[in-house]
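K.L.:
Those sequence lines, one after another, are chains V and U.
With the working numbering applied, the first sequence covers 1 to 231.
With the working numbering applied, the second sequence covers 1 to 419.
Honestly, I wouldn't trust all of these hints.
What the hints assert, rightly or not - The following label-pair restraints were derived from C-beta to C-beta distances: (1) A212(V) to P378(U): 15 to 23 Å; (2) L74(V) to R400(U): 44 to 52 Å; (3) R229(U) to E28(V): 19 to 27 Å; (4) G404(U) to D22(V): 31 to 39 Å; (5) E345(U) to S189(V): 45 to 53 Å; (6) G404(U) to R165(V): 56 to 64 Å; (7) D5(V) to I401(U): 49 to 57 Å; (8) A82(U) to H60(V): 21 to 29 Å; (9) N31(V) to Y225(U): 15 to 23 Å; (10) E110(V) to R155(U): 30 to 38 Å.
These are computed hints drawn from the structure, not numbers from a lab.
Keep in mind the model is a prediction, meaning the values are calculated, not measured.
Think of the CB as a built atom: it goes at the ideal place given N, C-alpha and C, for glycine as much as any other residue.
Each chain, written out:
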Amino acid sequence: MLVQDIMTRQVVAIGPDMPIRDVCTLMEQRNIRHFPILESAGSGSAHAGSQGAAGDDAGHDRLIGIVSDRDLRLVGADHPLAPRGVAATEPVRKVMIAPVLTAHPLDPIEEAAKVLREHKIGAMPVMDGSRLVGIITGIDMLDALVQMSGVHEAATRLEVEVANRPGELASLLGAIAARRYNVSSVMTSRADAESVTFVLRVNTLDGRGLAAHLRKAGFVILWPVDKTTEP
Amino acid sequence: MSTAASGDGPTTEPPAAAGREPQVRFVYDAALATYELAPEHPFRPERLELTRTLLEAGGLLVEPAYADVDHLTERELARVHATSYIDAVKRAGRGDGLEEAYAYGLGTGDNPVFSGMHEAVLRVCAATVTAVELVASGRARRAASFAGGLHHAQRAKASGFCVYNDLALGIRRAVDEHDMRVAYVDLDVHHGDGVQWLFYDAPSVMTVSLHESGRYLFPGTGHTYETGRGPGRGYAVNMPLEPFTEDASFLEVFDLVVPRALEAFRPDLIVLQAGADMHRNDPLADLSLSLAAMGAAYRRMIDLSERLTGGRLVATGGGGYDPFRTAPRAWASLWAAMTAQQMPEVVPPAWRRQWQAASPVALPSTMVDDPSSWEPAPRRDTVSSHNRVVAERLMEVLERIWAGAPAAGQGHREGEEPA
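Could you put together the complete structure from these sequences and hints?
P.N.:
Here's what the structure looks like:
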């Protein structure tokens, strides 16, 4: 799964001279927490050239900063963490964050997730060259996790430990396919040199029957546990 | 339902006058047993015949209570299911279009294609809709459709042994044709996902499901935070239970959740899905209930119908994969509760003689089992306290929604305020 598969394409961007209080209103109205800040191409503003736009992108507005609700919330407040000497009537460029960490549409989402996590940021504009093509947020990452884990499909969760060597997962999936059950997701929950634990979501109501069958075939099934209570 | 008062106090059973139709009907057709997914499949249609013969042998079911299955049109089927899906089911049942059928969940291990599939499952749906019609039209106070209970079927997908959703069709009939508010209560061990999602936005239908937690069991849904959407917010109620939940804990959370939810909703009709797979002997799930608690829950449901819906209740079967011992006795106790008859203590010997040869296990000699002779389930105290905490939190959330939601009174018709 790539950044372009989960990013929001309709990005709401703003100019650097929008007053902070208007930005706050816009956040409220659109229910958005992050705005990339674009500077018009050819505008002679102070930030011109700071992003080093490539020649063929000269026609585009340039990304010069980003602002989040967190950066704006305390503007003008009587609070030790409030940005000093900034009033809500002033342009947003005074509080924006620059330079901006960005993602590429073809980045795998796990790479983007790592950047968000390591830098403790909530969003990244997605740039194709110097063109803004989308935005990706932590919420998009959660959506991706939900989608990747297949929880939207009615299924049974199976936890299987297999030896950490080639072909083990293939033979597990083969044994499931032989029963004509579809597998809606496979995830690794733990791995060391010896073994790997996979969590699978299998589209069957009879998870116990499947587990019993797999145990018989020699697989180590961690869940569902063997029901020992003898009827 | 425009004139009949709903939510009026306990109604007493009128004496059965000679010549009048019986008050509680058993919807039946021998052909209902053709809903057999595959010979080795865990979903056993024989359960209907096992139940019916047990009831007859015990003197609990006599001729006048039987009701024939009415015809159900395809047009009505299409109120719940996509026409493209219906076509796929029909074609697959004739051996055509098996490749396309796969996209609809057909031809899988759980839902294999079988000959005459469409007709067989349509009949099951017709039986449940018949039961609803009998009760909604006032011709019966209660009715049973033990072949029904296919709660996993989705709009355009077969799932979890279910091809069409008879329950949703029955509920639609009551809502659309009789202008009723329907409370659907699902006591199958698996979450009643198909019915829940089909009515997730609906203010006229409340779905209540008690089930083994989706963390451990198919279909994986049924979290407490699934509470309905839009005008249906607050009208989906989910109580996930810990594996190895036993009688006392089950009844404790039942009492915490179900009566209050139904009171808040004020239904005109209760539809009860009584899957028999919460039982300890069920091979496909992990709860540890006995027939005593299952019977107690059924009796509570009847009491609730007396108190809230003027007695109107439709019951179906559902899961239950211990077909010889558990499902027939569970549903016999449900029928006994519906008809206010005393359950016999012993299993009629004639019934055991009739079925013992077919059963892979020894048939029981008593109608209820004796959980005091069982080994206590593992982690009993942890399981009970966990269930209790979940139920209390669930109700806190729901009470807040019910108190504040503008939807709470929405859809309730004038002149129908409860006493």
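K.L.:
It remains to establish, for every hint, whether it holds in the given structure.
P.N.:
Now for the hints, and whether the structure bears them out:
1. A212(V) to P378(U): 15 to 23 Å: Roughly 19 Å apart at Cβ, these two residues keep to the hinted range, so it holds.
2. L74(V) to R400(U): 44 to 52 Å: Cβ of L74(V) to Cβ of R400(U): about 31 Å, so the range 44 to 52 Å is violated.
3. R229(U) to E28(V): 19 to 27 Å: holds, 24 Å
4. G404(U) to D22(V): 31 to 39 Å: The hint (31 to 39 Å, Cβ to Cβ) holds, given that G404(U) and D22(V) are roughly 33 Å apart.
5. E345(U) to S189(V): 45 to 53 Å: The hint (45 to 53 Å, Cβ to Cβ) holds, given that E345(U) and S189(V) are roughly 50 Å apart.
6. G404(U) to R165(V): 56 to 64 Å: holds, 57 Å
7. D5(V) to I401(U): 49 to 57 Å: violated, 35 Å
8. A82(U) to H60(V): 21 to 29 Å: Taking Cβ atoms as reference, A82(U) and H60(V) lie about 45 Å apart, which means the hint is violated.
9. N31(V) to Y225(U): 15 to 23 Å: Roughly 21 Å apart at Cβ, these two residues keep to the hinted range, so it holds.
10. E110(V) to R155(U): 30 to 38 Å: holds, 34 Å
Comparing the model with each numbered hint stated earlier shows that hints 2, 7 and 8 do not hold.
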